[in-house]
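Undergrad: Put together the whole structure using the sequences plus the hints.
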Amino acid sequence: MTVYLDSIFSRLATERLPWDALVWTETQQSVSEELERFKTFKNKLSRGLKFVFVIPVVSKKMAKDWGAVCQLLNNTLSALIAQSNPNWTAILCGQDKPEGLFNDPRMRFIAFKEDPVRDNSPDMFDKMRQLVHHVATLDPSDGYIFKFDQDDILHKDAVEYMLNTRDPNGYIINKSFMLAPDGLHGRYLEPRNPFRFNFLADTLAASCGSCMACYYDTRPGGIGFELFDAIAYQSHGWFEHLAILLGRPLNKVPFPAVVYNILHGNNAYEGRSKPPKLSSKHLTYIRENFTDPQGQDYEISKTRKKLVQVERKAAF
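Per this note's numbering, residue 42 is the first one in the sequence shown, and the count goes up by one each step.
I should point out that these hints are in silico values taken from the structure, not numbers from a laboratory.
Treat the hints with care, since some could be wrong.
The calculated EDC-like cross-link candidates involving lysine to aspartate or glutamate, where the alpha carbons are at most 16 angstroms apart (straight line), are [to be verified]:
| no. | residue 1 | residue 2 |
| --- | --- | --- |
| 1 | K105 | E155 |
| 2 | K83 | D208 |
| 3 | K293 | E231 |
| 4 | K154 | D167 |
| 5 | K293 | E201 |
| 6 | K80 | E267 |
| 7 | K85 | D208 |
| 8 | K293 | D198 |
| 9 | K138 | E155 |
| 10 | K91 | E201 |
| 11 | K197 | E329 |
| 12 | K154 | D137 |
| 13 | K101 | D137 |
| 14 | K101 | E140 |
| 15 | K91 | D180 |
| 16 | K101 | E155 |
| 17 | K293 | D208 |
| 18 | K102 | D137 |
| 19 | K315 | D223 |
| 20 | K138 | D180 |
| 21 | K102 | E155 |
Only a predicted model underlies this, so the values are computations on that prediction, with no experimental measurement involved.
TA: Shown next, in the form of structure tokens:
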């Protein structure tokens with residue numbers, strides 16, 4: 042009963058509409074039935090935890106602007122290179138290798154083994170499964186696996202925080218930012234606050250899939266990718282809730298940890314209206330903690346109190 046109450050309280054804070062927290066579906070039922078099985082896994086974290094990003098890449102055929110896809114991906118990878126903790130690996134999977142990939146030994150690209158009779162339906166989950174299978178073929182290890190979108194930007198200290206906190210289940214990111222191409226407009230994303238008027242909750246997990254790092258263990262007797270497989274292929278708005286139902290609650294990253302780039306024409310946000318301008322406080326936070334989210338740097342003018350664009354500086 043405690044598990045179910047915890048899941049409801051979690052959803053009251055994170056569902057866009059609070060009464061959705063009371064909805065129960067077949068997906069929730071099937072996941073909750075796995076609770077007893079997941080109790081049998083005993084996570085024993087090693088001293089040398091790994092951190093693996095798996096990044097599905099859209100094909101040239103499906104991309105609306107392949108050049109823009111490559112540029113956005115390079116911005117994403119630049120943020121990984123700029124991490125304060127360098128102990129990570131990024132594995133990309135797609136039909137076409139993006140141009141201009143960094144020559145970094147921590148990054149690798151694997152060709153997607155496409156079904157020859159596939160139609161034009163989305164293939165992201167198939168790429169994720171191939172990426173997970175690839176990680177499983179590497180030397181036995183344990184750590185965190187994070188499916189990251191090809192156009193989002195990670196906080197420079199995110200890997201450091203998660204590896205040092207050493208949560209046995211993983212992490213969920215709710216606090217973050219949406220950011221439009223002009224670098225000015227966006228939205229601060231956070232759970233619902235019951236102590237002030239905040240009727241609509243708009244979290245990163247409800248809006249974007251780059252929000253969860255799951256513990257994995259491919260050592261003998263380890264959990265493997267069971268937790269990731271159980272929830273990563275469901276709606277990302279439910280990741281936190283489903284993990285609770287499995288008895289594996291995810292640790293909430295306490296700071297805004299992702300910039301979710303929107304309105305660039307190559308993701309699901311297309312067609313929605315431009316959000317309002319971000320506050321100077323939020324823009325300053327983005328400038329100080331995220332590497333080049335739009336391919337350019339921004340600073341706040343102290344004299345004019347308005348945003349001014351400055352020349353791009355090399356990230357490394």
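Undergrad: It remains to establish, for every hint, whether it holds in the given structure.
TA: Structure-based check of all given hints:
As the CA atoms of K105 and E155 are separated by approximately 20 angstroms, the hinted pair breaks the 16 angstroms bound. The straight-line distance between the Cα atoms of K83 and D208 is roughly 13 angstroms, inside the 16 angstroms bound, and the hint therefore holds. Taking the CA atoms of K293 and E231, the gap is about 11 angstroms. The hint holds against a cut of 16 angstroms. Taking the CA atoms of K154 and D167, the gap is near 9 angstroms; set against the 16 angstroms cutoff, the hint holds.
Our distance criterion of 16 angstroms between C-alpha atoms is met by K293 and E201, whose separation comes to about 15 angstroms. Between K80 and E267, the direct Cα distance comes to roughly 12 angstroms. Compliance with the 16 angstroms bound is thereby established for this hinted pair. This hinted pair checks out: K85 and D208 have alpha carbons roughly 11 angstroms apart, not beyond 16 angstroms. A hinted pair counts as satisfied when its Cα atoms are at most 16 angstroms apart, and K293 with D198 qualifies at roughly 15 angstroms.
Between K138 and E155 the alpha-carbon distance is near 14 angstroms, which keeps this suggested pair within the 16 angstroms criterion. Distance hint between K91 and E201 is fulfilled; the C-alpha atoms sit about 11 angstroms from each other, no more than 16 angstroms. Of the supplied pair hints, the one linking K197 and E329 holds, its CA atoms being roughly 9 angstroms apart against a limit of 16 angstroms. Taken as a hint, the K154 and D137 pair is honoured in the structure, with Cα atoms around 11 angstroms apart against an allowance of 16 angstroms.
In summary, the hint linking K101 to D137 is supported, as the alpha carbons are separated by about 7 angstroms, within the 16 angstroms threshold. Between K101 and E140 the alpha-carbon distance is near 11 angstroms, which keeps this suggested pair within the 16 angstroms criterion. Proposed proximity of K91 and D180 is supported: the alpha carbons are some 11 angstroms apart, at most 16 angstroms. For the suggested pair K101 and E155, the alpha carbons sit about 14 angstroms apart, so the restraint of at most 16 angstroms is met.
Restraint check for K293 and D208: satisfied, since their Cα atoms lie roughly 10 angstroms apart, inside the 16 angstroms limit. A C-alpha spacing of about 9 angstroms is found between K102 and D137, which places the hinted pair at or below 16 angstroms, so the restraint holds. Using a Cα cut-off of 16 angstroms, the hinted pair K315 and D223 holds, with the two alpha carbons roughly 10 angstroms apart. For a cut-off of 16 angstroms, the pair hint linking K138 to D180 is broken: about 25 angstroms separates their Cα positions.
This hinted pair checks out: K102 and E155 have alpha carbons roughly 13 angstroms apart, not beyond 16 angstroms.
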